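Q: Line by line, the protein sequences give chains V and Z. Quick note: the first sequence, position 382, residue 382 per my numbering, numbers continuous. Quick note: the second sequence, position 136, residue 552 per my numbering, numbers continuous.
No lab work stands behind these hints, which were simulated from the structure alone. Owing to the predicted nature of the structure, the values given are computational and were not obtained by experimental measurement. Be aware that one or more of the hints could be misleading.
Here are the simulated DSS-like cross-link-like pairs (lysine-lysine), alpha carbons at most 25 Å apart as the crow flies [to be verified]:
#1 V/K257 with V/K303
#2 Z/K560 with V/K75
#3 V/K162 with V/K303
#4 V/K75 with V/K198
#5 Z/K560 with Z/K503
#6 Z/K449 with Z/K418
#7 Z/K424 with Z/K448
#8 V/K321 with V/K295
#9 Z/K497 with V/K233
#10 V/K257 with Z/K497
#11 V/K257 with Z/K418
#12 Z/K503 with V/K75
#13 Z/K448 with Z/K503
#14 V/K213 with V/K162
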Amino acid sequence: MDTSLQDPKQKILRALEDQDTNITFDDPLEHDMVLNMGPQHPATHGVLRLLVRLDGETIVSAVPDLGYLHRGYEKIAENCSFHEFIPHTDRLDYLSPLANNVAYTLAVEKLAGLEAPVRAQYIRVICAELARLAGHLVWIGTQAMDVGAVTVLLWGFREREKIQDIWDLLTGVRFTTSFTRIGGLAQDMSAEVSAAIKKFLDQFPESLDECEKLLIKNRIFIDRCEGVGYISKERAINIGLTGPALRACGVEHDLRKDEPYLVYQNIDFDIPTYTDGDTLARFYVRMEEMRQSVKILLQALGKIPQGPINASEPKRVLPQKERTYGKMEELIHDFMIVNFGINPPIGEVYHAIEGSKGELGFYIVSHGEGHPWRLKIRSPSFVNLQVLPVMLKGGMISDLVAIIGSIDPVMGEADK
Amino acid sequence: MKEIILEKLNVQFSTAIESVNEYRGELTIIVKKPKIRDICFLLRDDPQLQFDSLRDVCGADYYRHDDRFEVIYNLYSIPNKFRLRLKVRMSESDIHVDSVVPVWSTADWEERETYDMFGIIFDGHPDMRRIYMPEEFEYYPLRKDFPLMGIPGSLPLPRK
Numbered sequence: 001m002d003t004s005l006q007d008p009k010q011k012i013l014r015a016l017e018d019q020d021t022n023i024t025f026d027d028p029l030e031h032d033m034v035l036n037m038g039p040q041h042p043a044t045h046g047v048l049r050l051l052v053r054l055d056g057e058t059i060v061s062a063v064p065d066l067g068y069l070h071r072g073y074e075k076i077a078e079n080c081s082f083h084e085f086i087p088h089t090d091r092l093d094y095l096s097p098l099a100n101n102v103a104y105t106l107a108v109e110k111l112a113g114l115e116a117p118v119r120a121q122y123i124r125v126i127c128a129e130l131a132r133l134a135g136h137l138v139w140i141g142t143q144a145m146d147v148g149a150v151t152v153l154l155w156g157f158r159e160r161e162k163i164q165d166i167w168d169l170l171t172g173v174r175f176t177t178s179f180t181r182i183g184g185l186a187q188d189m190s191a192e193v194s195a196a197i198k199k200f201l202d203q204f205p206e207s208l209d210e211c212e213k214l215l216i217k218n219r220i221f222i223d224r225c226e227g228v229g230y231i232s233k234e235r236a237i238n239i240g241l242t243g244p245a246l247r248a249c250g251v252e253h254d255l256r257k258d259e260p261y262l263v264y265q266n267i268d269f270d271i272p273t274y275t276d277g278d279t280l281a282r283f284y285v286r287m288e289e290m291r292q293s294v295k296i297l298l299q300a301l302g303k304i305p306q307g308p309i310n311a312s313e314p315k316r317v318l319p320q321k322e323r324t325y326g327k328m329e330e331l332i333h334d335f336m337i338v339n340f341g342i343n344p345p346i347g348e349v350y351h352a353i354e355g356s357k358g359e360l361g362f363y364i365v366s367h368g369e370g371h372p373w374r375l376k377i378r379s380p381s382f383v384n385l386q387v388l389p390v391m392l393k394g395g396m397i398s399d400l401v402a403i404i405g406s407i408d409p410v411m412g413e414a415d416k
Numbered sequence: 417m418k419e420i421i422l423e424k425l426n427v428q429f430s431t432a433i434e435s436v437n438e439y440r441g442e443l444t445i446i447v448k449k450p451k452i453r454d455i456c457f458l459l460r461d462d463p464q465l466q467f468d469s470l471r472d473v474c475g476a477d478y479y480r481h482d483d484r485f486e487v488i489y490n491l492y493s494i495p496n497k498f499r500l501r502l503k504v505r506m507s508e509s510d511i512h513v514d515s516v517v518p519v520w521s522t523a524d525w526e527e528r529e530t531y532d533m534f535g536i537i538f539d540g541h542p543d544m545r546r547i548y549m550p551e552e553f554e555y556y557p558l559r560k561d562f563p564l565m566g567i568p569g570s571l572p573l574p575r576k
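Construct the complete structure from the given sequences, taking the supplied hints into account.
A: Structure representation (structure tokens):
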């Protein structure tokens, strides 16, 4: 019999290492312990699984294991038309579905050479910023709860609920919005919606300050975040971090400024940047980002012009549904677009937006057919999660949850 | 920026560039497979180019006889705010390419994903395992000859 099996420590170790994974650790020391965390664990924000090797309470190494929510969206995209894929984008970053709709539609429009009218672009900016707020409000709650403060979670969700009520008015649903259309939007934004957004924005900064006061005056929160999960600027760039996590390392990079899309160049806002590169810096960056989003929303609501919301391209933009019942032309176009697709020219494009987690991009290859030949989703959560082993190494086991929270992964997006 | 990139590449790698193409304002350069890592080092380290971050690596299956697979690298230069796409092509019989993990550590998971989905093997990768699918899965799901509904019995189910 194998001698290693007789050793009780080896036996326990073997039992802990799941037989379904062949993750190997270099140099197993005698007193190390392997801890399996997830995929069902409240602090891993979904179905992230981590295998952590511990020396006492110190993390020696960590191996993330992904794929528990892999649904094969890239394969599905190759088999459905460009319009049919829009509802699937809701399920990527399910905390801010509107931003995914916008990102995908912009990529298809770039491929097809379409441009949505100015009013639609302003509404898309409003959508993207509301989605950012909604995403960050979940983050603030879960991050605080991971380090032991429960109140902020409830307060964050209270505010998020108001945003979802606005989505309900704007898109007709609260969660899986599927609001954008290629070349425009599903429906116009009514005056009632802008009034609701204004009403929300009037009270939101105050609520945000309340949430922030609960945390930044809290000794426990500061102690558990300050200096935890540090990453240097060079390392962060090399490992491909984007979004708030990168800006917390002192890199002033935001696609809304660096590669302006939609109408962001008409809007005045700042990119909050901190240089500490730790969990607390990432906290401050996101808090400041929410305040900038409020600023953007107020400007967009003030500047939004009247006009059409769909591009005047009847052969490639879906007509309004009511018109297809009475007009022959519209009926034909609707039939052709739904059944055969919009057939963009042969070519390939990549378009990315600054989502709430980082750079959310779609790379699409078209062969001139109604469906994409290849569609790659560049999801920020997937790439950002790579940084976990680097940040965790040498840290304490209790900091693990704080660090995962500060990266803010959404597994729907990381696993695609 | 486009001229500088092409000039620098032409000086050192004039024979390695297969084609240059611009579509919707995006620059794509197809390069020869053996030179990919050297070209990436040049693009990253040149003081004028500074492609300091790799945003994405992905594969594509064109389902044709020659050069069936492509690996696409999406590079971004934060100082220059410029995006560049590099591509290498390979046939099914020689499905190996040098890993770019030594250049950008982002490539680690991205290349694992490409391997998982297309079976493209990255030489010199520190940890060439599947990332989404279980390790004992035998197929490559994003290849065009893999059916959308999957292959019955290919995924191991829990024992009763």
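Q: Now tell me, hint by hint, if it's right for this structure.
A: Against the structure, the hints:
1. V/K257 with V/K303: 19 Å, holds
2. Z/K560 with V/K75: At roughly 9 Å apart (the allowed maximum being 25 Å), V/K75 and Z/K560 satisfy the hint.
3. V/K162 with V/K303: With Cα atoms ~23 Å apart, V/K162 and V/K303 stay inside 25 Å; holds.
4. V/K75 with V/K198: The given pair, whose Cα atoms are some 41 Å apart, is violated under the 25 Å limit.
5. Z/K560 with Z/K503: Given pair Z/K560, Z/K503 holds - Cα atoms ~19 Å apart, limit 25 Å.
6. Z/K449 with Z/K418: It holds: about 21 Å lies between the C-alpha atoms, which stays within 25 Å.
7. Z/K424 with Z/K448: Judged against 25 Å, a Cα distance of about 16 Å means the pair holds.
8. V/K321 with V/K295: This hinted pair is violated, its Cα atoms lying about 35 Å apart.
9. Z/K497 with V/K233: Given that 25 Å is the threshold and the Cα spacing comes to 17 Å, the pair holds.
10. V/K257 with Z/K497: Within the cut-off at roughly 10 Å; holds.
11. V/K257 with Z/K418: This hinted pair holds, its Cα atoms lying about 21 Å apart.
12. Z/K503 with V/K75: Answer holds: Z/K503 to V/K75 is near 21 Å, not above 25 Å.
13. Z/K448 with Z/K503: 9 Å, holds
14. V/K213 with V/K162: Holds - the C-alpha atoms of V/K162 and V/K213 are around 21 Å apart, at most 25 Å.
When the structure is compared with the earlier hints, violations turn up for hints 4, 8 and for no others.
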